[in-house]
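Participant: Protein sequence lines, in the order shown, are assigned to chains C and G. Numbering-wise (full-length UniProt numbering), the first sequence opens with residue 1 and increments by one. Numbering-wise (full-length UniProt numbering), the second sequence opens with residue 1 and increments by one.
Among the hints, a few may not be true.
30 Å max Cα-Cα, derived DSBU-like pairs, lysine-lysine [claimed, not checked]:
1. C:K181 - C:K222
2. G:K221 - G:K295
3. C:K349 - G:K329
4. G:K338 - C:K349
5. C:K179 - C:K349
6. C:K136 - C:K108
Quick caveat, the hints were computed from the structure, so don't treat them as lab data.
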Amino acid sequence: MVFSLLLKRSKTPKPLPLPLPLPLPTRNPNPLRASPRSTATSPLGLSIAYGAGALSGTWRPSRCGEASRSSIAPLLGLRSFSSPATTAAIAEPPRTCDGLTVDAIVGKGWTILDEGESDWRSHAAAIAQSVQVIKKRLQWGRMIDKSMQLSAILNKSDLWDDPDYAGRISREHGEIMGKIKGVNQFEQELVEHIDLLKLAREENDNELEAESMRALLEMRRKAKEKELEAILSGDNDSCSCFIEVQAGAGGTESMDWAAMVMNMYMMWAQRRGFAVTVVEEMPGEIAGIKRATIKVHGEYAFGYAKAEVGVHRLVRISPFDSGKRRHTSFAAVAVIPILGNVSTKYQIKESDLRIERFRAGGAGGQHVNTTESAVRIVHIPTGISATCQNERSQHQNKASAMAVLQSRLDQLEIARQAQMNAEHTQSLSEISWGNQIRSYVLHPYRMVKDLRTNYEVSDPDSVLDGDIDGLILSFLSASLDKNEDRA
Amino acid sequence: MLLRLPFTLSSALLSPPLHPHRSKPFSSLSSSPNPNPNPNHSSNTTLPLFLRPLSYSAPVSSLLSFRLWAESLALSSVDDPHLLRELSWLIDDASAHKHPRNDSLVPLRAELHELYELWRERIEKRRPFQYLVGCEHWRDLVLGVREGVLIPRPETEMVVDLVGEVEGFERGWWADLGTGSGALAIGIGRMLREDGRVFATDLSSDAVEVARFNVERYGLKDKVEIRQGSWFEPLQDVKGKLAGIVSNPPYIPTSHLPGLQPEVGLHEPRLALDGGENGMDHLLHLCEGSASALKSGGFFAFETNGDAHSEFLADLMTAKWGKFFHNIKIVLDFAGIKRFVTGYCR
Ligand SMILES: C[S@@+](CC[C@H](N)C(=O)[O-])C[C@H]1O[C@@H](n2cnc3c(N)ncnc32)[C@H](O)[C@@H]1O
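Isolated chain G (complex conformation):
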């Protein structure tokens, strides 16, 4: 009676219990041999887990053993309550319905042994959860992601809100520079009216491929156009016609890259993170280019590395480039960091 089902159950159901005394360093990881993940990943276009067909199945009991194994693996290696939540999501994505029939077989979208491998990679290689399941929930979207493409961050969600506050934004032409998974382009594209459009560029062919996939999945092919190339290069035909530009360009100073958390430093693409010596290389290029890319009265919003970087940019655009821009503002992210610089083209 003492260990009756409901409360072992409830801990799995309700919350990953915290285990404050179990923290152990990720000793095996610092020596992980693979700082740059599979460069040929673009050829391996697997669907996000939750979109794959239910081609497999496993007995409820096997799935339960997987869960128990995965929980103990998670708890033995790191003190992170989110891991157990991730585990539930992994199983959510991998299995069919929230309410499986009470058969002993659960339909699955991946073979059970694949789930074991995925979870081992999560714990032992610190492979990001979002790459495991091939998607990230961002705003109200579920975006496909995979190695080679930056996993969109929650801070960036706010850029869409900033655009939504711009007068007449619904009918304008917008650019999302360095679109990655297409997050911003899709977030904005969904708010536009018929005549509104988003041009989204990226240098990375992985990003272009994933962004196209996501745009298509949200039925936005007519609104969001993905173009491959460096920053403004693919946008020559709309130069001076843009109602707005948004970008979350790589902004981490090169020297900080080795110190990043393993999920980021070991697995996310360097092209998406490396902002040059002081992190400002791309931002400066984008600010400068916006002066001619935007139409008069056009809006811009850039995400930066925070505080000092935002202040530096804002000062620069107010003072030195004041003849091109006005109404320059710094916007805080939810953690209170000066994260975004916004303004208008004269």
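Excised from the complex, chain C in its bound form:
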């Protein structure tokens, strides 16, 4: 399938505009960072680590007072000191010697100048602002709560009676702690660089000042990357997914539009390096599709694709209308994560399934040779079904249909447990045709506009050829940034 796509196009896929999200880098960008750490135990029994400043009031005054370079020098050797794995973040944020926190820096309202300008306040303000964005996107408050809950569970003495459960909890805890620490460290670095820079100025140490400035600039750039990485930090964002497209009312016109939309996703997935397989399709009588499902396999496929859920609207002169009139067509898109974690999967009972296979009627068996081997599986209690006809054996069609069914039931289960933002879990049948998210106008003017963010692209062809990252990311960041953080 994918091959035939390339057959008809010979365009080089554009380089991806963004790096795929990776775990936050732990590399220390600044060799000069001095970060003595203390560990303490919080009232909750959590072991806590923070960089210089947060807890160790004992030495801070001397450093921030008449500290001299020589008093800092010995600290430089402590860089590799790292905190134990189970440490949690604490409420008190890192401060500079004169008491500035990230929030306080933002509060100062320092003008953010071009990166090129060597102004430490501008760098600091930009970094601090990014830190706030990152925290918001990570839903910081919720994340801290969650880390505490998990730590509490991990401290229970009978936890390892169920090693499977314990393993999951400890893995989840580890992941969250990794994210928290990544941000904390970043904040810590910021205040340290500011301190160093001020110190260098006091001591007229141009070399140290230049070095700190460079470090701040580098942090500023890295902060932008981290902002993007933080977009995809939802529970199932890293999963592969199914994308389903269904034509709206309006016959051939809409079915053709549905096929264009599906095609847009196939090309998008291809650009992103995801593997695409067509799982299910109901072709239109004359053109296009009534409905189709593709599987998009790869890291963060769901995280990105979930931004596409809703109704997509097309305005164009119809190629099917001999009167050359303008038509408006609709296609609905649903996105279903393929959960990796077996324990959250919906348990399907074999006896609840009805399996229907399509074959030429008549005698069957040795009488008939056909390559048609579609399989439809119905989950009787919920009425949910899945069909696959694109594999080359019936056995494989059944396996694929089963995978789709499993994910649809998982999706139902997720929605039931309300673990996810409801709008991303809607199935096709639940998407209201009123829920238009994007409009593609080919006539009388040419424009794609996301109705949720007002993000616009003036070249619909590029969008329909799969260049939708801009639309996706602007939506994801907007929706995350407006979410009130419960911190």
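Since the structure of chain C is provided, determine the placement of chain G with the ligand on it from the hints.
Facilitator: Showing chain G with the ligand alone in chain C's frame:
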């Protein structure tokens, strides 16, 4: 703009569009001169297309013209949406990767003109798609097939599941009688433990050759033994020791052969289809022979022509041969036809 690439593309990509108004009878085919395909085919052992080396190449544009030509040929002659899917598979099998580099040359496993010939045979001679590409996807296997060997049917996939439900099947000795491409033997062989074995027989040397090829490709030489000969004849040494017997013997009544769909009637081997006057000749022979070939408690599963045939066999084995067999059951295929008869040896 109106005919912009994505939607012509999408129809090729997503689905062969249905063309309900285009059906035309296969007029040229009924007079096809070749009711029995090349009897010397065994000498012509070409590999399945997807296994051949990438010795050729063609510009993307030529491959695209082939595709367009093939689509229009398919649509002009018959109303069959599966043909376009087959065309995609043909190109899948003939070319290297799913993601070819964006060069203008696509590496190929057959010369482009060969693809043209193959597709012409598909449409004009109704040569089965599986013979074109030399393979059939069956269960999770990809089996080599060629003229002279029956293309395994999806109904038969279920026989492997029936075997999988038999207690202790993993360690037993099994027989697949009339193994054809080796489908059942391989399907079962892959589920067996070390001490389990399958003896697969066939009278046809084409079948024996193809089955050996497939067994080898799946690395089952130590588990699946192919023997040439008629039904039980090559199995004298394991008589009475078999834990189970499966067979999908020829079961089409001779008088029905001329009416078969061209892909079957004109191209598949008569030896694999012809079940004698009422289609029961081989089945009866197999049922009878199983009584002495199976060990006590041994299992059997036979595929039949359906409904009346299964009922007849089941009755016979319950009543007349009840002293040899018990627990006789009829199992439906996915179309709801009474397709299989299963039971145990006393
Ligand atoms: C319907 S085909 C089944 C092939 C294969 N088991 C399958 O299911 O795809 C019947 C097979 O029986 C073989 N056959 C016909 N007469 C036979 C005989 N007397 N002894 C052994 N095999 C025979 C044919 O060559 C053919 O391969």
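Participant: Of the hints stated earlier, which fail here?
Facilitator: 5
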